[in-house]
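Enquirer: Chain by chain, the residues run as shown.
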Amino acid sequence: MELNAVQVWMMVCSALVLLMTPALAFFYGGMTRAKGVLNMMMMSFVALGITAVVWVLWGHSMSGGGEDVGGLFGNPFTQFGMSAIIGTEDLIGAGFGATFAIITVALISGAIADRAKFTAWIVFVPVWVTLVYAPVAFWVWGGGLLSEDGAIGSWAGEAIDYAGGTVVHINAGVAALVLALIIGQRKGFGRDPGQRPHNIPFVMLGAALLWFGWFGFNGGAAAEAEEAGLIWVNTMVAPAAAMVAWILTERVRDGKPTSLGAASGVVAGLVAITPACANVSPLGAIALGIVAGVASALAVGLKYKWGYDDSLDVVGVHLVSGLIGTLALGFIALDTGLFYGGGLAQLWAQIVAAVVAMVYTGIVTLVIGLAIHKTVGFRISVEDEQAGIDFAEHAETGYEFGGLGTKSSGFVPHPATSGHLKFSKEEAQA
Amino acid sequence: MKLVTAIVRPDKLDAIRGALESYGVQGLTVSEASGYGRQRGHTEVYRGAEYTVDLLQKARVEVLVSDEWSSDIVDVLVATANTGRAGDGKVWVVTVDEAVRVRTGERGDAAL
Chain W
1 MELNAVQVWM MVCSALVLLM TPALAFFYGG MTRAKGVLNM MMMSFVALGI
51 TAVVWVLWGH SMSGGGEDVG GLFGNPFTQF GMSAIIGTED LIGAGFGATF
101 AIITVALISG AIADRAKFTA WIVFVPVWVT LVYAPVAFWV WGGGLLSEDG
151 AIGSWAGEAI DYAGGTVVHI NAGVAALVLA LIIGQRKGFG RDPGQRPHNI
201 PFVMLGAALL WFGWFGFNGG AAAEAEEAGL IWVNTMVAPA AAMVAWILTE
251 RVRDGKPTSL GAASGVVAGL VAITPACANV SPLGAIALGI VAGVASALAV
301 GLKYKWGYDD SLDVVGVHLV SGLIGTLALG FIALDTGLFY GGGLAQLWAQ
351 IVAAVVAMVY TGIVTLVIGL AIHKTVGFRI SVEDEQAGID FAEHAETGYE
401 FGGLGTKSSG FVPHPATSGH LKFSKEEAQA
Chain X
1 MKLVTAIVRP DKLDAIRGAL ESYGVQGLTV SEASGYGRQR GHTEVYRGAE
51 YTVDLLQKAR VEVLVSDEWS SDIVDVLVAT ANTGRAGDGK VWVVTVDEAV
101 RVRTGERGDA AL
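Chains W and X are the protein sequences, given in the same order. Numbered according to full-length UniProt numbering, the first sequence spans residues 1 to 430. Numbered according to full-length UniProt numbering, the second sequence spans residues 1 to 112.
What the hints contain is simulated information worked out from the structure, not anything from laboratory work. Virtual Cβ for every residue (Gly too), placed ideally from N, Cα, C. There is no bait here: all hints are sound.
Beta-carbon label-pair distances, calculated as ranges:
hint : chain 1 : residue 1 : chain 2 : residue 2 : range
1    : X       : S71       : W       : G307      : 53 to 59 Å
2    : X       : V53       : W       : D384      : 21 to 27 Å
3    : X       : E44       : W       : G377      : 29 to 35 Å
To give an idea of the chain W side of the interface with chain X (calculated C-beta under 10 Å), a few residues:
hint : residue
4    : P193
5    : D254
6    : V300
7    : G301
Chain W extracted, bound-state conformation (with noise of 0.2 Å):
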């Protein structure tokens, strides 16, 4: 069978969305310390790699792909290793799935970042894709919990969730907020000045392809060209409007307006558009992304005010645009919002959608994120947080400065591979 348009529409957004770990690694790269640049890079490609081989394996059919268990998640042995669908089309919405679990859970580093043990983070991704995401997509995309046949949305009706406002950013957002919590914060947490971002043009690099892949993220779910011309212009406006917001509040707040709010505000508005983009008006996606660009311009400071180290703000940024996205649909959803003469239910459907996804993320994320605290350990040790993590945990360092006495410091090629180069370690020191 040939290639229709919108399978190839669709393989496309699964690159663009793809591309987004990687650009998130940029974006959460450059806000770290330079001693720190590598392994939050590392936090999101091994997100990548451990994640999409779960997903072949049993995450795709627990999370729609197998048979129903319960209306909880998807029997993981019926799709295993996607056997059962070679031969059929299935597989390129199987990719497109993988590419969702891969970018939430590598949203979760940025909240833990600069002093997580690399193998507690290790773990930690398959267990949680496992666990919590394949489960929640499965419940919101999959025929379980709170899709319209499900338990719970069966009763307080099927909530909109377009591309992941609830599976994704909410879902993410408590998990790093749970982490953060068990894990602690990084020596000096408001106050070292050395904290502070070391590239923040890596950042809005990062941003700009996050961007790009969000029109994956957004649109690789249309099918008709109505709906598709409605993703785009709303996932181009909503960050537009966000990003003006966010500098506009930070004017108006701290005097200038910095680059990193323009990059957090173009983020800040993907995520709150994320669910709605399918379901709202232009008009309304400028209004989401500007009440989503204030909002998380002052929610990035509340961790100051608690005392909690979401390092990155992916609480001020995921959780709370993404339940001002969530919730929003309540009262801007074309035809069913409250806005556009729907009534309560929509809003109902919504606020029981989040608080479901809330309490079971952030219960079953506690359990795992504790159980792997008090055995492998998720917090490497303070001489190590100070000498910087990238040389600790992977025996880098992000940036040769040159300087002095680098002829004394020796080089020796390993051992297995230096065969054919004639000289020993001490003549290589001499």
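Given the coordinates of chain W, work out where chain X should sit on it, guided by the hints.
Expert: Frame of chain W, contents of chain X only:
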């Protein structure tokens, strides 16, 4: 002999070097430095959080000169490094016991 040390704005280096050369100084040492004076540093804002950066980038210029030149060198340095704004830096002079040219072994004023 005197060692004249100046902590100055990095962007003033070219002007200082030019002025010292036209005055006849044949060698100097420049190094990167960071620090602050009475005005302290500046404040940067990231997502609304203010970070105070006290250690500002400065350049250190060091010149070894004979006793009779030192006062003039100080004048040249001060005149070229001055912008009239806070953060222009400082110049000081200390007495040097001995100087040796490594290549020839010449000592004292001959080594300058």
